[in-house]
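K.L.:
Fit chain S to the given chain V structure using the hints.
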Amino acid sequence: SQQGEEDPQALSIQEGENATMNCSYKTSINNLQWYRQNSGRGLVHLILIRSNEREKHSGRLRVTLDTSKKSSSLLITASRAADTASYFCATASSGNTGKLIFGQGTTLQVKP
Amino acid sequence: DAMVIQNPRYQVTQFGKPVTLSCSQTLNHNVMYWYQQKSSQAPKLLFHYYDKDFNNEADTPDNFQSRRPNTSFCFLDIRSPGLGDAAMYLCATSRGGTGTQPQHFGDGTRLSIL
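Line by line, the protein sequences give chains V and S.
Mapping of the first sequence onto my numbering: position 88 corresponds to residue 88, and the numbering continues sequentially without gaps.
Mapping of the second sequence onto my numbering: position 46 corresponds to residue 46, and the numbering continues sequentially without gaps.
Heads up, simulated DSS-like pairs for lysine-lysine below, C-alpha to C-alpha not over 27 Å straight-line:
(1) V:LYS99 to S:LYS52
(2) S:LYS44 to V:LYS70
(3) V:LYS26 to S:LYS44
Chain V stretches covered by chain S per the calculated footprint, using a threshold of three residues with CB under 8 Å from any CB of chain S:
(4) 20-33
(5) 36-46
(6) 86-93
Derived by calculation from the structure, the hints in this document are not laboratory data.
Nothing here was measured: the structure is a model prediction, and the numbers come from that model.
From the three backbone atoms N, C-alpha and C, an ideal C-beta is built for every residue, glycine too.
So that you can see chain V by itself, here it is in the shape it has in the complex (with noise of 0.2 Å):
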């Protein structure tokens, strides 16, 4: 079963603006991370933020946990045409086997 819904489905920006995108889930996670997809391409880590962690950042990426509302927020500050791509948040259930529950993504596009 799904684990992750996202939101929005896709996004339209100019560069230069911020980019928002929202994860919910459904159980317990050990953590949530964040990938992103160029189309035709793998999947690329961005960040893992624990279960017992509230923010995370790398470089212009920030990412918000809150495990009351099983939800994940992923923000990209200053967005550049080059960050256009899909966004997936992916959990990692309490007690696992290392297995990751991906979301449907976010498509982003950020326009020069």
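P.N.:
Coordinates of chain S only, in the frame set by chain V:
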């Protein structure tokens, strides 16, 4: 650079003709995964190897099998491909199988069925 390599990038096969996709890694990770990803959908886990231990997802069709002859290589065999098996197949690796480490993906093999 350490990486995950999938060959070929594009594979065309005929309906019902067996096909094998390959994945190799130089990361020395002990876990390897195979995902199926259809257009505009999330990657769906087919199975994974924790070292030599094979773990099949409950809803993975019997048509799909896998082999891992050594740490570096893993193969996906589709015995009798149907039109519904046309998809991108992604291989990934991780260090450890607890989900506490990120997964590293290859660029995938896009499979077309004629």
